[in-house]
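Participant: Given chain A's structure and the hints, the job is docking chains B and C onto it.
Listed here are the chains, written in short residue letters.
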Amino acid sequence: MSENFDRPEIRKPENLIYSRTKVLTDNIMHYCPGCGHGTAHRILAEVIDEMGIQNDTIGVAPVGCSVLAYNYLDVDMAEAAHGRAPALATAIKRLNPNKFVFTYQGDGDLAAIGTGETIHACNRGEKIVIIFINNGIYGMTGGQMAPTTLEGMKTATCPYGRDISIMGNPLKMTELVSHLKGTYYVTRQSVQTPASVRKTKAALRKAFEYQKDGKGACFVEIVSSCNSGWKMTPVQANKWMEENMFPFYELGDIKVDGELVK
Amino acid sequence: MKELKLMKGNEAIAEAAIRCGMDGYFGYPITPQSEVLEYLMAEEPYKRRTGMAVLQAESEVASINMVYGGAASGKMVMTSSSSPGFSLMQEGMSYIAGAELPCLVVNVQRGGPGLGTIQPSQADYFQATKGGGNGDYKVIVLAPASVQEMADFVQLGIDLAFKYRNPALILSDGVIGQMMEKVELAEQKERLTDEQVAERCPWALTGKKPHRGHNIITSLDLDSSRQEKFNEKLQAKYREIEKNEVRFEEISCEDADYIAIAFGSSARLCQKAIDLCRAEGIKLGLLRPITLYPFPYAPIEKLAQRVKGFLVVELNAGQMIEDVNLAVKGKVQVEHFGRMGGIIPTPDEIVAALKTKILGGK
Amino acid sequence: MANIIGDVVIDIEKCKGCGVCMTGCPKGVLALSKDVNSKGYNFAMKVNADCIGCASCAMICPDGVITVYRAKE
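Note that the protein sequences, when read in sequence, are chains A, B and C. So the first sequence is residues 1 to 262, counted in the working numbering. So the second sequence is residues 1001 to 1362, counted in the working numbering. So the third sequence is residues 2001 to 2073, counted in the working numbering.
Chain A on its own, in the form it takes in the complex (with noise of 0.2 Å):
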């Protein structure tokens, strides 16, 4: 056994400076190790503990890696049809407006078979969180190209690269819905440093009190890594997000308070 580098004089409450939020149940997730979906998850779960709206949040699952995150979110959840989140969310929030309700989608689920339910639900103004989990990659079915996929980068589905000419141009789904009129705050974030996780957590709060506020749809994109689909280890995929990603998907605000702020 290696050495103790423990330090039990200081493990007291007062001391506490972080600790899993009670917000996620004690299941521990499916997710592959070093995915985003386990972060994007706990600061969600986060944001939700500190602003006391546990009892008062409904969620809705998608269908692709996180179709599961009703086990590890503890909030009362649906679990959609493959791409369809909005629009039961749209129902739950006109039926119970005094809830908090969000969707939280891939980029399968939110942007190929889900675009109608996606671009209607913002469009309108449906008074809820949209959070995107974009990683290029289909990760559930086995890392086929995503409508998010790179150009020139290999999946299962284009496995010589995304070829344009063929498979069309990777779709910017959050740019896209910023241009709605219904949409009241759109950002792309990340959770791959302390940094950007703390700015997706501030990010997260600010749409959940926008929606406090009745204001229309907010729409939080997380660009995130998929290692497994992407075939890196967790951190060289998070390196490969921060060259290849970034600089096609930029991070930022891009609408706050219903005006274009890029």
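Hints should not be assumed to be uniformly reliable.
[Unchecked claim] Result set (EDC-like, lysine to aspartate or glutamate): computed pairs, CA atoms no more than 16 Å apart in a straight line: (1) B:Lys1002 / B:Glu1187; (2) C:Lys2072 / A:Asp56; (3) B:Lys1209 / A:Glu14; (4) B:Lys1208 / A:Asp49; (5) B:Lys1237 / B:Glu1335; (6) C:Lys2014 / A:Asp26; (7) B:Lys1229 / B:Asp1136; (8) A:Lys12 / C:Glu2073; (9) B:Lys1208 / A:Glu14.
[As the list claims (entries may be wrong)] Example chain C residues on the side facing chain A (calculated, C-beta under 10 Å, incomplete): (10) Ala2002; (11) Glu2013; (12) Ala2055.
[What the hints assert, rightly or not] Computed spacing ranges between beta-carbons, pair by pair: (13) A:Gly152 / B:Asn1134: 35 to 41 Å; (14) C:Glu2073 / A:Asp26: 29 to 35 Å; (15) A:Gly52 / B:Asn1134: 38 to 44 Å; (16) A:Gly52 / C:Ser2038: 33 to 39 Å.
None of these hints come from the bench; they were simulated from the model. Just so you know, even glycine gets a beta-carbon here, dropped at the ideal spot from N, CA and C.
Facilitator: What follows is chains B and C alone, placed relative to chain A:
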């Protein structure tokens, strides 16, 4: 107070929905049922009456998934469509059945396949009664034959849906949807409060409570043994529905030698055919299934022991006849008469079909 | 000015050994163990006593397995 009105079938559905305390309607226009959404939008129940939400969705796919969301939160919700639109809803129907949620869906049928025609049809019988979407599931199917029943089956359908936590479907057609008749409307009921909803539906997404863990609405279970158990539970529920909820009407069956079996608008045509037959001394009766699922197998089997033949009349190529054959089990002759593509037969054609197919040209 | 000292507690059964926490630590406190947990993962462990309780590791841990304490010495 109850109220008498002259209304279209589609309008009766809309008015009955407001009066039964429905919480939300989500739909998409399609002929011949657009009057449901039009009526609701003109009434503005969200502003002027009960607070019921009404929304024109971007598609039938979205409509049924809004219904899924609303039902998941324990609210009384519905949608309506016509055949091609109802086809688009099958994914949602399967999920709703799999998640065991109550809701009301209306299909005012038109001719198919594909875009087909906008004229009346009953060609979605298989889709409605045998599943429609993926997986082993059943939907409670009510077949109205009058504008009155269009109104009444809204309450009945939503009651059955909540009783069994299962989608209920009103399978109507363009005739019943478009025609105007006198209808007695039920008294206005209050919508349930959020507290009443939470009490009525302890399983629903009403926000986590101190006394319970978080509620999850899903149709997914990756564990095969648990998924099989769940399917067995669903099947047990369907057996219960089959035991308790069979509804049908018999007209002039007591002394009948021959029985027409028809639902919805076809049953109305058969009522006239009975008069024409009896004027000629042919003793025809009518059995009208009101629930298409659960299907009235037993009463048809009982009639098969004493009558000489059955004529199944449908606005399709022969769908319900398969269920009639299952009930009759070859005891007596069973024939089908139907028109397709939106054509509605005359009562005379029905009488002629009875004569040529069953009476042997007598 | 008092020295800041910190400590992290890692729930090694829930750790998947992704190593992302190591990249976030400014003091090089964390590394992956040669031992594995019951799932077969080389879990994260402390390799020195330099922790300042900044919580950066916990902030980027995808599985929320790190608890952080901080005190003035």
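Participant: Next step is simple, just say for each hint if it's right about the structure.
Facilitator: These are the hints, each one checked on the structure:
Among the hinted pairs, Lys1002 of chain B with Glu1187 of chain B is consistent with the structure: their alpha-carbon atoms are about 5 Å apart, no more than 16 Å. As the CA atoms of Lys2072 of chain C and Asp56 of chain A are separated by approximately 38 Å, the hinted pair breaks the 16 Å bound. Using a Cα cut-off of 16 Å, the hinted pair Lys1209 of chain B and Glu14 of chain A is violated, with the two alpha carbons roughly 29 Å apart. At roughly 13 Å between alpha-carbon atoms, Lys1208 of chain B and Asp49 of chain A fall within 16 Å of each other, so this suggested pair holds.
The suggested pairing of Lys1237 of chain B with Glu1335 of chain B is violated, with an alpha-carbon distance near 33 Å, which exceeds 16 Å. Taken as a hint, the Lys2014 of chain C and Asp26 of chain A pair is honoured in the structure, with Cα atoms around 10 Å apart against an allowance of 16 Å. At most 16 Å may separate the alpha-carbon atoms for a hinted pair to count; Lys1229 of chain B and Asp1136 of chain B meet this at roughly 13 Å. Straight-line distance between C-alpha atoms of Lys12 of chain A and Glu2073 of chain C comes to about 14 Å, which keeps the hinted pair within the 16 Å bound.
Our distance criterion of 16 Å between C-alpha atoms is broken by Lys1208 of chain B and Glu14 of chain A, whose separation comes to about 29 Å. A hinted interface residue such as Ala2002 of chain C counts as satisfied when its beta carbon comes closer than 10 Å to some beta carbon of chain A; here the least separation is about 13 Å, so the hint is violated. Look at Glu2013 of chain C: its Cβ gets to within about 8 Å of chain A, closer than 10 Å, so that hint holds up. Annotation: Ala2055 of chain C was flagged as interfacial toward chain A, and the flag holds, the nearest CB pair being 4 Å apart, inside 10 Å.
Separation of Gly152 of chain A from Asn1134 of chain B is about 37 Å and conforms to the stated range, judged on CB atoms against 35 to 41 Å. Between Glu2073 of chain C and Asp26 of chain A the beta carbon distance is about 34 Å. The supplied range of 29 to 35 Å therefore holds. Taken as a hint, the range 38 to 44 Å holds for the pair Gly52 of chain A and Asn1134 of chain B, whose Cβ atoms sit roughly 41 Å apart. The hinted range of 33 to 39 Å is satisfied by Gly52 of chain A and Ser2038 of chain C, whose Cβ atoms lie roughly 36 Å apart.
Of the numbered hints given earlier, the model fails hints 2, 3, 5, 9, 10; all others are met.
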